[in-house]
Amino acid sequence: NAGVTQTPKFRVLKTGQSMTLLCAQDMNHEYMYWYRQDPGMGLRLIHYSVGEGTTAKGEVPDGYNVSRLKKQNFLLGLESAAPSQTSVYFCASSGRGSETQYFGPGTRLLVL
Amino acid sequence: AQKVTQAQTEISVVEKEDVTLDCVYETRDTTYYLFWYKQPPSGELVFLIRRNSFDEQNEISGRYSWNFQKSTSSFNFTITASQVVDSAVYFCALGVTGNQFYFGTGTSLTVIP
Numbered sequence: 041n042a043g044v045t046q047t048p049k050f051r052v053l054k055t056g057q058s059m060t061l062l063c064a065q066d067m068n069h070e071y072m073y074w075y076r077q078d079p080g081m082g083l084r085l086i087h088y089s090v091g092e093g094t095t096a097k098g099e100v101p102d103g104y105n106v107s108r109l110k111k112q113n114f115l116l117g118l119e120s121a122a123p124s125q126t127s128v129y130f131c132a133s134s135g136r137g138s139e140t141q142y143f144g145p146g147t148r149l150l151v152l
Numbered sequence: 054a055q056k057v058t059q060a061q062t063e064i065s066v067v068e069k070e071d072v073t074l075d076c077v078y079e080t081r082d083t084t085y086y087l088f089w090y091k092q093p094p095s096g097e098l099v100f101l102i103r104r105n106s107f108d109e110q111n112e113i114s115g116r117y118s119w120n121f122q123k124s125t126s127s128f129n130f131t132i133t134a135s136q137v138v139d140s141a142v143y144f145c146a147l148g149v150t151g152n153q154f155y156f157g158t159g160t161s162l163t164v165i166p
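One line per chain: the protein sequences are A and B, in this order. Remember, the numbering used here sits 40 above the position in the first sequence when you count from 1. Remember, the numbering used here sits 53 above the position in the second sequence when you count from 1.
Check the hints yourself; a few may be wrong.
Taking lysine-lysine pairs in the DSS-like style, the calculated list, with each CA pair at most 27 Å apart, reads [said to hold, decoys possible]:
| no. | chain 1 | residue 1 | chain 2 | residue 2 |
| --- | --- | --- | --- | --- |
| 1 | A | LYS97 | B | LYS69 |
| 2 | A | LYS97 | A | LYS111 |
| 3 | A | LYS54 | A | LYS97 |
| 4 | A | LYS49 | A | LYS97 |
| 5 | B | LYS123 | B | LYS91 |
| 6 | A | LYS49 | A | LYS111 |
| 7 | A | LYS54 | A | LYS111 |
| 8 | B | LYS56 | A | LYS97 |
| 9 | B | LYS123 | A | LYS49 |
Treat the hints as calculated values from the structure; they're not laboratory data.
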């Protein structure tokens with residue numbers, strides 16, 4: 041039972057490049073979330089999904105897109121990376137809203 | 054508006070001392086959930102506890118205890134007889150209707166041997 045996994049673990053991008061972060065969970069959870077963590081700011085919600093085929097904006101959605109084509113996967117896309125998107129990205133999943141969220145190990149992204 | 058405040062940015066204690074991490078939350082929802090997570094130096098986020106707004110009973114788990122007081126909108130976390138392995142960043146979080154979580158900015162705890 042792997043829980044929540046994230047791919048890749050670390051990535052360096054140049055400004056303007058695009059990339060997709062993959063989150064996978066094997067707990068059959070309905071809800072999935074993408075957060076970013078920046079020094080001194082805690083975790084901020086980017087986008088979330090309450091089920092396959094549905095997504096919604098969180099606190100800081102600008103510059104990101106998401107897709108939930110399969111229940112177990114939640115993809116986070118950066119179409120044109122900017123240095124301000126340098127951060128650690130965490131994916132989480134939960135059975136239902138407000139239930140405990142279980143987090144992946146994080147993806148460290150550096151945009152030059 | 055929903056908000057979680059962890060006023061203590063950094064705390065240092067000597068091993069075996071007790072330490073309390075403060076968490077104050079704001080919400081107009083009558084049903085909500087409160088959480089504590091631990092982030093050790095390795096970076097992962099580890100779930101510690103979940104409390105719903107209707108359950109004000111304090112909880113103790115080994116050296117950890119939590120004090121939930123709706124009257125002061127606080128959900129404080131105490132570590133008794135701290136150990137070096139307790140060194141981490143601790144986050145308090147609020148879960149409300151609408152499926153969103155709101156995290157505090159975290160308290161960095163250093164336990165000095």
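**Message:** Which constraints among the numbered hints does this structure fail? Numbers only, ascending.
**Reply:** Violated hints (numbers, rising): 1, 7, 9; every other hint is consistent with the structure.
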